[in-house]
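**Q** Please put together the full structure from these sequences, using the hints given.
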Amino acid sequence: MDLNYTDEQQAFRAEVRDWLAETLPREMSEKVRLGKRLTKQDSESWHAMLNARGWLAPNWPKEYGGAEWDAVQRQIFEDECCRAHAPRIVPFGLSMLAPVLMAFGSEEQCQRFLPRILSGEDWWCQGYSEPGAGSDLAAVKTRAVRDGDNYVVNGQKTWTTLGQHADWIFCLVRTDPDVKKQEGISFLLIDMKTPGVTVRPIVLVDGGAEVNEVFFDDVRVPAENLVGEENKGWTYAKYLLTHERTNIAGVGFSNAALQTVKDVAAKVHAGGKPLAQNPHFAARVAQVEIDLMAMATTNLRVVSAAAKGQAPGAESSMLKVKGTVIRQELTSLLRRAVGPDALPFQADYLEGGDNAEMMGPEHAATSAPGYFNNRKLSIFGGSNEVQRTIITKAIMGL
Amino acid sequence: MDLNYTDEQQAFRAEVRDWLAETLPREMSEKVRLGKRLTKQDSESWHAMLNARGWLAPNWPKEYGGAEWDAVQRQIFEDECCRAHAPRIVPFGLSMLAPVLMAFGSEEQCQRFLPRILSGEDWWCQGYSEPGAGSDLAAVKTRAVRDGDNYVVNGQKTWTTLGQHADWIFCLVRTDPDVKKQEGISFLLIDMKTPGVTVRPIVLVDGGAEVNEVFFDDVRVPAENLVGEENKGWTYAKYLLTHERTNIAGVGFSNAALQTVKDVAAKVHAGGKPLAQNPHFAARVAQVEIDLMAMATTNLRVVSAAAKGQAPGAESSMLKVKGTVIRQELTSLLRRAVGPDALPFQADYLEGGDNAEMMGPEHAATSAPGYFNNRKLSIFGGSNEVQRTIITKAIMGL
Amino acid sequence: MDFNLTEERRMLQDSLGRFLSDKYDHESRRKVIAAGKPYDAGLFAGLAELGVLGALFAEDQGGFGGLGFDLSVVFEELGRAGVIEPVLPAVLTGSLVAENADLVENIIAGEAVVTLAHSEAAARYDLNYVTTTSSNGVLNGAKVHVLNGAQASYLVVSAREGGDDWDKDGIALFLVRTDATGVTITDHVNNDGTSGATVVLDNVTPDARLTGGFAALELAVARGTLALSAEALGAMESAKALTLDYLKERKQFGIPIGKFQALQHRMADVLIEVEQARSAVINLAGHMEADRDTRERHVSATKNLMGRVGAQVVEEAVQMHGGIGMTDEYALSHFARRITMIDHWLGDVDHHLARFIDLSAGEA
Amino acid sequence: MDFNLTEERRMLQDSLGRFLSDKYDHESRRKVIAAGKPYDAGLFAGLAELGVLGALFAEDQGGFGGLGFDLSVVFEELGRAGVIEPVLPAVLTGSLVAENADLVENIIAGEAVVTLAHSEAAARYDLNYVTTTSSNGVLNGAKVHVLNGAQASYLVVSAREGGDDWDKDGIALFLVRTDATGVTITDHVNNDGTSGATVVLDNVTPDARLTGGFAALELAVARGTLALSAEALGAMESAKALTLDYLKERKQFGIPIGKFQALQHRMADVLIEVEQARSAVINLAGHMEADRDTRERHVSATKNLMGRVGAQVVEEAVQMHGGIGMTDEYALSHFARRITMIDHWLGDVDHHLARFIDLSAGEA
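Protein chains in written order, with UniProt numbering: chain A, 1 to 398; chain C, 1 to 398; chain D, 1 to 364; chain F, 1 to 364.
There's no promise every hint is true.
What the hints assert, rightly or not - In silico PhoX-like pairs for lysine-lysine, Cα to Cα no more than 20 Å straight-line:
1. C:Lys181 / F:Lys168
2. C:Lys273 / F:Lys168
3. A:Lys181 / A:Lys232
4. D:Lys240 / A:Lys273
5. A:Lys238 / A:Lys180
To be verified - Which stretches of chain D does chain C cover? Using the computed rule of at least three CB atoms under 8 Å from a CB of chain C, they are:
6. 187 to 193
7. 202 to 209
Said to hold, decoys possible - A short, non-exhaustive set of chain F residues, derived as facing chain C with CB atoms under 10 Å:
8. Leu5
9. Met11
10. Gln13
11. Asp14
12. Ala58
13. Glu59
14. Gly62
15. Ala123
16. Met326
17. Leu332
18. His334
Everything labelled a hint here was simulated from the structure, so no lab data went into it. Every residue, glycine too, gets a C-beta built ideally from N, C-alpha and C.
**A** Right, here's the structure in full:
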């Protein structure tokens, strides 16, 4: 037992921290720190900076231009990025599609798509969820019918995050409606510029439009864009879901959010004293900090086992649930810390407009929208209800 | 809308309060206040005092010697008894069996048993639960086979509260094993002195033995002790369960328990100041007090509707759940208030021994056992899980 | 003890409920907000015509209500429908301008919005913090979170005539025309769709100095807290109803999600807590006319409970709905925002918990 | 970073686990308590022989461990089995009597129980409250909650040489023979089956004045807190295992109750929180040798978390079991009592939450 990082790991952390200090533009980290929304250009430019340094794809093998870090290195990198308020890397191409292509795609597909993911030429989005399906991902209704060298796709996807920026979408489509629902699904890559693809933004409770509906109306997709075998898509999807769960605990995000809460509570006054000295508020913050200290270690235990090649089982579901509980509690603490100044809806400020006059203290504008937006954490990516069922069933062996 | 009691109701409250002040022996109320265990004699003597005043059977009709109070009067009486730390009236004969006899028993049974319940000559206990059945009360296995003018009973009951003191037990027994489980149950009255009845106490986590197992080994019960019709027992049992739910919210108990917590917190010191001034502890107490203020009104709303003849539906399940959550939180606050002095197990003191030297402050001895014992509140009388299912199904109409 | 509404209040409740379900729906409300309008003037006029504003005033003030249960009946219905029209300002200022009969008449007719300009940037939720000054007959200072400030014709402004920033003594109240010289009002929309404003007062001459200081202000805010709490209750009832429908209708893995026991049990807790919220509103309404200490203890108890239950109802309702519950298109998200933001108006859970403790100890 | 035990610690863990599952069960423990015995002397000797006490001391003290992770490994196993034999006193006093090599040898051999007589009736959980006096070479005062006081041959007694009742400065530590003139020990059983005592000191001449004052005491209590936390973790693991078995085996309405989704989801939270508790114990063990402020911040973080999680595990395990979980016959009730009472030893959730806040602000 040793809670200390090795000298090598500490050197790596220092290297990452120094690089971030030099490279990450101040206006970008301020946007992240203050919870403002990032533009497409922000994301693309951060993507390019990481790619230039060779740190864009932590879990890719070196032959494809990846960093090939182990799980502990990846955790250190995540922590430092959160600490520096770096933008979150858009994961759909890099961490979700790429592992599937490497495992199940053809050599041609890898050669064609992977370099364009790294270069940022292709922005990918995910076409999994459908209206009315919720956590039952296998209930795919979008149909793909083979017609010569093409599939003809009809149907609808929803909750497609940042689909409005995307060049390509990877989709689960139904290629056989007559078998068990998991067995007739295929994994198809679709160019968003193909005729018949329509994107409609969904405005959320925080006033933003980060998710979309994507409609397919007789969309013709070359058969070469099928990944792996027809009707085996469910296998690939499940593989992807495992990969989606890296950094699932979000310890770095929570550490940064805790710091934000503390900063605000130190500045804001209640009854003439800093809110940080209010015993009730201090107790709430201390409670979540103590939980986070423990979860950071729970996370490292899982990461450290993963670094030794042990596959995480129910652990990643546990981290998902506890991680989101803590993150949501922190968003709730932030809106409470901000107090009445959480009332105004400052749309211009949220969208990152520089000349918008801000009302109230720092973080006031983003605290309520952040609270509302982060309700998604326990819904998306396998709801916490689904995770809880997985945990108990796995451990009971039911 | 009017939150005030009528003049009549206020006069009734004053009458009850005065009578309690005059009648309730100090040593008895001190036992209750301090959470000590009552002896059989304590219960019998309080029973006799109430009977002498005509207040023993609030919900019985006058013809049988009851007080025939409405729901609001009953609530006032309960509140005042709790406030005065009166012993709880043992309910098995008075509030559970008696309504069943009045509704479904024969005239002979009423004439024979009701006066003896009032006089205290017969102490009744309840034979519902069986080992392994839990909340599934219809899973009765104890068999009663007709043999001439008798039933021959074999089987086992459990969790029989205060069965060690009882003269009689009312039992659910299976008289027809070949039909749907609810349809082959009968309601039988058994004299505990009959050969073949054995009572074995169950020691609980608090060191006390308030519940028992009751074994029946070829016990011969006269057929005249069958209540109502053979195989209709489930109907009577359900009727009884509704009656068991009077004062289900336990507002009076919670008010008394809250006062106890406050008294202890005012006396006990933490860091040189009264614990009551500790902001963390004060916040816990205030939170439960606010919940209790609301629940008292929720309870009065239900009681007041009941007084007008409206039958409570999901409301009584709601009161059961919220009432037990609050009561359990109060027992937890009490043990926390007492602090390290909750450690010693003071058996002699608990049993009410007067010459046992008490360690630590008042209530120290009973705080931990009280916490453990009151875990039962969410288990017995229809577990909170069962209640929650009832609530949602009733309101969704599922 | 009687938990039934009087005949008059039941009639008001029924007619208001009918009016709102006929004239008001989620789509029309969304359109008003999207169009950048603070509210629907026609609808507000309709509410006034129906007597909604009159119900907030006593008979000797020209109304036909004015007691705690009048406020709770009206605002529960407004909350249930998600109304953003400026009824609350009349509660916050009504008792303060009551002696000005003409103005009250205009308020009741829906012709004048009079709102409270009291909060200041550093006050957070403390009612006694006032730095705006009144001296030499003019007011100077800045007010924030002024509800419907840009739509109001008059403001009730708190200003200090003596004492330090936190003193209860020395606070006076003034009636100020919004078009008076030196008044600058900047308008914004709030997260719950209501309209807020900041007000800067630069050597403003008030129309009148009103009777009553801090104690009158505290009572006005108590009435506002009751109105907000009842509104939150109504909104919770709507969120609850939407969720119950969703649990029945929505199928996953082939069965209605309301059959999943984990959701049933959590929904049971939501149902219980909404009843608790209703009782808390009744408690506050029933003690609105009690002595100050009793009333204020109930103010803080109720607002604390509404904040806690509100968060639970919002979070559970959204979670049980899944993604759809987070969309602007679906009514739930609007109720969620309103319930949540009510925790930020006139004191949140923590503020009122601490205040309840102080009041219980006789210290506030 | 490495979350695996060293080879030595793993061997100790294995042999201790085997020894306890062979020699120790719920029935035998119950019989010892029912017979009014404080513990089983034979079993305690067996534990000593196995090296359990030696693992608590460093090599230069005659042991073969003494670090945070040695304590956590030993006490997790003791907790898992529900051991009431007096191992904890050696943790609470070991670092204080370390310079007395003969005494340490006796402790390690299981021949002497040396326990801490520090708490006083009005101290609650505050370590700095001491009114027992040391003057003119004799001790006078009264101590409470002395673990295994009636079975000990020596006490480490804290007494005040200067300062007021709450000062950290002026506290000194003394070694006192339990059979010394003027020592009166009254013993009792605790709710968790352990043996406690009150000690009255009436002009008692100590055997020795020990090196170190409050700082040494604080470290000893930090080690005790780690031991208690690890023990609670072990007990939680047992409560969890019993509950998982019960969920699988117990049928209601014809199906295993573990198939009920509401219970599955609550059990998932229990499983998550037990992992949190394990991490909290690791955090404290891993910082036991850190600087004082870091160490004490982890002491309070861990003890607070253990108290919260402990209550959740106990309450959920009992609730899921139903009545059977409340019976003395069934092992769960003993784990429930031990886990709950650990919240009352060396500071409960509230005490340590407040202390964590103070320590984080550099104020304790």
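**Q** None of the hints should be skipped; say for each whether it holds.
**A** Hints, verified against the model:
{"no.": "1", "hint": "C:Lys181 / F:Lys168", "result": "violated, 69 Å"}
{"no.": "2", "hint": "C:Lys273 / F:Lys168", "result": "holds, 18 Å"}
{"no.": "3", "hint": "A:Lys181 / A:Lys232", "result": "holds, 11 Å"}
{"no.": "4", "hint": "D:Lys240 / A:Lys273", "result": "violated, 38 Å"}
{"no.": "5", "hint": "A:Lys238 / A:Lys180", "result": "holds, 16 Å"}
{"no.": "6", "hint": "187 to 193", "result": "violated (count 0)"}
{"no.": "7", "hint": "202 to 209", "result": "violated (count 0)"}
{"no.": "8", "hint": "Leu5", "result": "violated, 32 Å"}
{"no.": "9", "hint": "Met11", "result": "violated, 35 Å"}
{"no.": "10", "hint": "Gln13", "result": "violated, 29 Å"}
{"no.": "11", "hint": "Asp14", "result": "violated, 32 Å"}
{"no.": "12", "hint": "Ala58", "result": "violated, 30 Å"}
{"no.": "13", "hint": "Glu59", "result": "violated, 35 Å"}
{"no.": "14", "hint": "Gly62", "result": "violated, 32 Å"}
{"no.": "15", "hint": "Ala123", "result": "holds, 8 Å"}
{"no.": "16", "hint": "Met326", "result": "holds, 5 Å"}
{"no.": "17", "hint": "Leu332", "result": "holds, 9 Å"}
{"no.": "18", "hint": "His334", "result": "holds, 8 Å"}
In this structure, the earlier hints numbered 1, 4, 6, 7, 8, 9, 10, 11, 12, 13 and 14 are contradicted, and the remaining ones agree with it.
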